[in-house]
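Residues per chain are reported as follows:
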Amino acid sequence: MNTEMMMQLALIIAKILMVLLPVVGAVAYLTTIERKVIGYIQQRPGPNRVGFAGILQPVADGIKFIGKELIFPRMSNIYLFFLAPILSFAPAFVAWSVVPFDVGLVIADIDAGVLFVLAMTSLGAYGVLTAGWASNSKYAFLGAMRAAAQIISYEIAMSFALVGVLIAAGSMNFTEIVLKQQGGLFSWYWLPLFPLFLVYWISAVAETNRAPFDVAEGESELVAGFHVEYSGMGFALFFIAEYANMILISFLSALLFFGGWLSPFEGLGVLAEVTAFIPGLFWLLFKSAVFLFLYLWMRATFPRYRYDQIMQLGWKVLIPVALAWLPVVALMVKLGLLG
Amino acid sequence: MIQAILFYGFSALLLGSSAMVIFSERPVKSALFLVFAFLNASALWLLQYAEFLGLALIFVYVGAVMTLFLFVVMMLNVDRLPSGLSLPNRLALAFFVLIVIGYLAGVYQLTHPGSVLNIQNLIHEPTGSNTKALGALIYSKYVIPVELTALVLLVAMISAIVLVFRGRHPHSKAQKVSVQVAANKANRLKIIKG
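Protein chains in written order, with our numbering: chain B, 1 to 339; chain R, 1 to 194.
It is possible that part of the hints are untrue.
[What the hints assert, rightly or not] Incomplete in silico selection of chain R near chain B, CB under 7 Å:
#, residue
1, Phe59
2, Phe71
3, Ser129
Quick caveat, the hints were computed from the structure, so don't treat them as lab data. These figures come from a predicted structure and were not determined experimentally. For each residue, glycine too, the CB sits at the ideal point set by N, CA and C.
Please build the complete structure, drawing on both the sequences and the hints.
What follows is the structure, encoded as structure tokens:
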């Protein structure tokens with residue numbers, strides 16, 4: 001290998017670290033913010049003992065996870081038991097490689113970006129399935145079965161919602177999709193594609209197995225669901241993967257339906273000039289933070305869905321709604337109503 | 001150079017995991033090796049710059065079909081499959097398949113001289129977005145085969161539903177959503193005066 005190739009390799013690794021480390025940091029603090037936000041919604045302070053007002057809580061959690069003993073249950077399939085956390089951890093982070101943070105601020109600016117993200121998030125189901133099966137435990141197995149059925153069902157609705165975005169933008173490249181939405185708050189895709197946005201958001205919450213669709217964990221009936229037999233870092237990996245997926249979904253919502261890094265005041269005269277100094281990255285992070293807050297808000301507000309109701313909602317409501325809106329989007333594109 | 005290394009690496013993994021699908025006696029293990037084989041096949045497609053096909057393979061087969069497959073295999077709770085064929089018979093079958101594949105490769109080699117073993121011929125340079133190219137071909141030149149395939153799949157789906165669905169049992173306790181929604185305080189609560 002010559003020096004030029006080495007430089008290229010170093011550059012790629014540096015880029016990866018520049019995305020990976022902030023994501024891991026965001027995951028760590030999202031867990032604490034979640035407990036804080038839910039705490040305040042339920043009128044209690046939440047974790048406030050470690051550091052000032054609890055800001056060192058994730059550090060304490062991390063040390064505790066590392067210090068815990070790794071337990072392998074008897075009669076479990078040890079290879080798959082070991083592999084399962086990695087199987088759910090790796091795709092959650094690989095998907096970040098095509099997420100742009102601004103024009104050109106992306107590790108891999110590939111043509112089929114949306115498809116790549118869909119392919120990677122659909123791989124996450126394997127971690128859950130193998131974890132449930134390899135644990136040789138009834139609770140874990142039931143949780144895994146529920147999770148698998150739910151992920152497959154909602155993937156269909158989610159893909160159809162994204163097909164609407166692809167039709168509207170005429171591209172599967174994230175940067176192009178965002179740039180097609182130029183022109184301020186009302187030219188972002190949430191407005192013409194509003195039903196698809198609702199379908200996308202609901203199925204995204206179900207896809208990440210979060211409340212109110214978290215029957216895969218269902219602590220009231222399944223103890224902790226698919227990861228009941230995991231301890232220490234094995235459990236931590238599942239946890240990190242879940243939160244990384246949440247952040248990813250929030251970023252995708254911002255990119256696909258809310259104009260990504262574009263300013264909401266674009267084309268509004270004075271307001272646009274006054275806010276012109278704010279970098280695009282701020283808007284993207286701000287929009288994603290709103291969606292993350294929505295996740296936590298939903299968890300604190302809604303009771304858990306019953307399993308058959310989840311299936312009913314996915315197959316009989318979300319998929320028909322998405323299918324019905326696709327011709328409308330196609331018509332809007334043909335009539336030139338979109339950008 | 002790097003492409004050649006990647007090509008041979010993924011091909012070797014593909015062949016190895018495909019062999020493990022057959023030789024493994026545990027169904028769950030076989031299914032997981034099949035998943036791994038799909039991933040390697042998709043990597044080979046990506047090496048050919050066919051990113052749409054490669055990612056669609058992962059999305060459709062790995063993400064949906066194999067998840068359902070694994071779901072069913074795990075539910076069956078069969079730890080080990082009884083092997084149907086004895087080892088000599090299996091080897092004989094494998095030999096037969098090998099001869100057929102070798103024959104096909106030989107025919108290809110004769111009609112396209114020097115192309116099978118030359119890696120450079122297997123790698124095509126990118127020619128724009130292949131999603132667009134694929135869409136343009138599927139919905140113009142190959143529109144009738146595509147629609148026929150769709151029809152076949154539809155028939156398969158309907159027949160699967162017909163085979164499985166036997167109608168509602170007359171006394172089943174399935175909930176009726178309309179009744180649940182129509183319920184109100186008056187017909188669920190009764191005030192008993194003590």
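Against the structure, the hints come out as follows:
1. Interface hint at phenylalanine 59 of chain R: satisfied, since its Cβ lies 4 Å from the closest Cβ of chain B, which is below the 7 Å cut-off.
2. Taking 7 Å as the C-beta contact cut-off toward chain B, the hint placing phenylalanine 71 of chain R at the interface holds, the least distance being around 5 Å.
3. Taking 7 Å as the C-beta contact cut-off toward chain B, the hint placing serine 129 of chain R at the interface holds, the least distance being around 5 Å.
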